[in-house]
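J.: So the sequences go chain by chain: A and B. Read in my numbering, the first sequence has 76 at position 76, and its numbers run on one by one without any break. Read in my numbering, the second sequence has 22 at position 22, and its numbers run on one by one without any break.
Hints are computed from structural coordinates only; laboratory data are not their basis. Heads up, some of the hints might be wrong.
Claimed, not checked - Simulated restraints, written as ranges between beta carbons of each label pair:
| id | chain 1 | residue 1 | chain 2 | residue 2 | range |
| --- | --- | --- | --- | --- | --- |
| 1 | A | E69 | B | Q14 | 47 to 53 Å |
| 2 | B | R61 | A | E69 | 40 to 46 Å |
| 3 | B | E83 | A | L41 | 23 to 29 Å |
| 4 | A | I77 | B | E83 | 35 to 41 Å |
As the list claims (entries may be wrong) - Okay, derived cross-link-like pairs now, BS3-like style, lysine-lysine, Cα gap no bigger than 27 Å in a straight line:
| id | chain 1 | residue 1 | chain 2 | residue 2 |
| --- | --- | --- | --- | --- |
| 5 | A | K3 | B | K42 |
| 6 | B | K57 | B | K78 |
| 7 | A | K57 | A | K18 |
| 8 | A | K55 | A | K70 |
| 9 | B | K59 | B | K78 |
| 10 | B | K42 | A | K71 |
| 11 | B | K58 | A | K3 |
| 12 | A | K53 | A | K70 |
| 13 | A | K57 | A | K3 |
| 14 | A | K70 | A | K3 |
| 15 | B | K42 | A | K13 |
| 16 | A | K3 | B | K78 |
| 17 | B | K57 | B | K42 |
| 18 | A | K55 | A | K3 |
| 19 | B | K42 | B | K78 |
| 20 | B | K59 | A | K3 |
| 21 | A | K71 | A | K57 |
| 22 | A | K3 | A | K71 |
Unchecked claim - Heads up, incomplete: computed chain A residues facing chain B, CB under 8 Å, no partners named:
| id | residue |
| --- | --- |
| 23 | F33 |
| 24 | G40 |
| 25 | G42 |
| 26 | Y50 |
| 27 | G98 |
| 28 | T99 |
| 29 | A102 |
| 30 | F104 |
| 31 | Q106 |
| 32 | V113 |
It should be emphasised that the depicted structure is a prediction, and the values quoted were computed from it without experimental measurement. We put the beta carbon where it would ideally sit given N, CA and C, even for glycine.
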Amino acid sequence: DVKVTQSSRYLVKRTGEKVFLECVQDMDHENMFWYRQDPGLGLRLIYFSYDVKMKEKGDIPEGYSVSREKKERFSLILESASTNQTSMYLCASNLGQGTTEAFFGQGTRLTVV
Amino acid sequence: ILNVEQSPQSLHVQEGDSTNFTCSFPSSNFYALHWYRWETAKSPEALFVMTLNGDEKKKGRISATLNTKEGYSYLYIKGSQPEDSATYLCAFIDYGQNFVFGPGTRLSVLP
Chain A
1 DVKVTQSSRY LVKRTGEKVF LECVQDMDHE NMFWYRQDPG LGLRLIYFSY DVKMKEKGDI
61 PEGYSVSREK KERFSLILES ASTNQTSMYL CASNLGQGTT EAFFGQGTRL TVV
Chain B
1 ILNVEQSPQS LHVQEGDSTN FTCSFPSSNF YALHWYRWET AKSPEALFVM TLNGDEKKKG
61 RISATLNTKE GYSYLYIKGS QPEDSATYLC AFIDYGQNFV FGPGTRLSVL P
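Model the full structure from these sequences, guided by the hints.
T.: In structure tokens, the structure reads:
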């Protein structure tokens with residue numbers, strides 16, 4: 001059974017804190033993605049990675065960075081958390097081609113206070 | 001920024017009704033179109049992956065069609081059941097492997 005696991009289901013952090021969201025997949029997928037989901041806006045791409053140490057900015061990368069040191073792990077970093085980064089964050093992975101489906105983690109609901 | 005639209009934003013139907021909704025996407029640089037179902041408190045799960053103009057896919061009571069020339073896809077649900085209640089997302093994939101999701105259609109099926 002394929003699996004994408006996000007490290008936390010719920011997180012509460014203070015403004016200005018550095019926040020790490022971790023995502024691990026066990027399917028040997030090349031591509032990994034970080035999205036945020038806000039009401040009425042759907043899933044918006046923050047960053048994606050198509051290989052170890054490779055990354056591409058998505059539509060809303062400002063205030064975020066990513067790290068992919070190993071193929072199975074893709075981390076999203078909020079350098080200095082702000083209240084407008086309160087959101088649901090979803091990690092996904094796929095085999096490396098657009099013709100294969102993406103598999104999603106369970107989501108992390110982050111609240112920045 | 002690629003624009004992917006879905007309509008309607010939300011839909012309420014009675015059990016047994018058939019329904020359909022639309023995904024609109026850029027007709028250029030098309031590589032693939034995905035449909036996902038996202039139930040509350042769960043992760044999105046893939047329904048269909050479509051690549052060819054004129055593609056039709058079917059899974060049980062759910063089917064989808066694809067028109068890449070005019071940039072739209074329809075998702076149909078025949079005889080809706082309460083367990084079909086979910087948000088349905090489409091994703092447009094271009095040659096750069098960007099996955100761009102639409103905002104989703106939230107379906108509620110009333111018993």
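J.: Now look at each hint and say whether the structure bears it out.
T.: Do the hints match the structure? See the list:
no.: 1; hint: E69/A / Q14/B: 47 to 53 Å; result: holds (52 Å)
no.: 2; hint: R61/B / E69/A: 40 to 46 Å; result: holds (44 Å)
no.: 3; hint: E83/B / L41/A: 23 to 29 Å; result: holds (26 Å)
no.: 4; hint: I77/A / E83/B: 35 to 41 Å; result: holds (38 Å)
no.: 5; hint: K3/A / K42/B; result: holds (13 Å)
no.: 6; hint: K57/B / K78/B; result: holds (14 Å)
no.: 7; hint: K57/A / K18/A; result: holds (20 Å)
no.: 8; hint: K55/A / K70/A; result: holds (13 Å)
no.: 9; hint: K59/B / K78/B; result: holds (11 Å)
no.: 10; hint: K42/B / K71/A; result: holds (25 Å)
no.: 11; hint: K58/B / K3/A; result: holds (25 Å)
no.: 12; hint: K53/A / K70/A; result: holds (8 Å)
no.: 13; hint: K57/A / K3/A; result: holds (24 Å)
no.: 14; hint: K70/A / K3/A; result: holds (16 Å)
no.: 15; hint: K42/B / K13/A; result: holds (23 Å)
no.: 16; hint: K3/A / K78/B; result: violated (30 Å)
no.: 17; hint: K57/B / K42/B; result: holds (24 Å)
no.: 18; hint: K55/A / K3/A; result: holds (22 Å)
no.: 19; hint: K42/B / K78/B; result: holds (23 Å)
no.: 20; hint: K59/B / K3/A; result: holds (22 Å)
no.: 21; hint: K71/A / K57/A; result: holds (18 Å)
no.: 22; hint: K3/A / K71/A; result: holds (14 Å)
no.: 23; hint: F33; result: holds (6 Å)
no.: 24; hint: G40; result: holds (6 Å)
no.: 25; hint: G42; result: holds (4 Å)
no.: 26; hint: Y50; result: holds (7 Å)
no.: 27; hint: G98; result: holds (3 Å)
no.: 28; hint: T99; result: holds (5 Å)
no.: 29; hint: A102; result: holds (6 Å)
no.: 30; hint: F104; result: holds (4 Å)
no.: 31; hint: Q106; result: holds (5 Å)
no.: 32; hint: V113; result: violated (23 Å)
Going down the numbered hints, you'll see the structure goes against 16 and 32, while the others check out.
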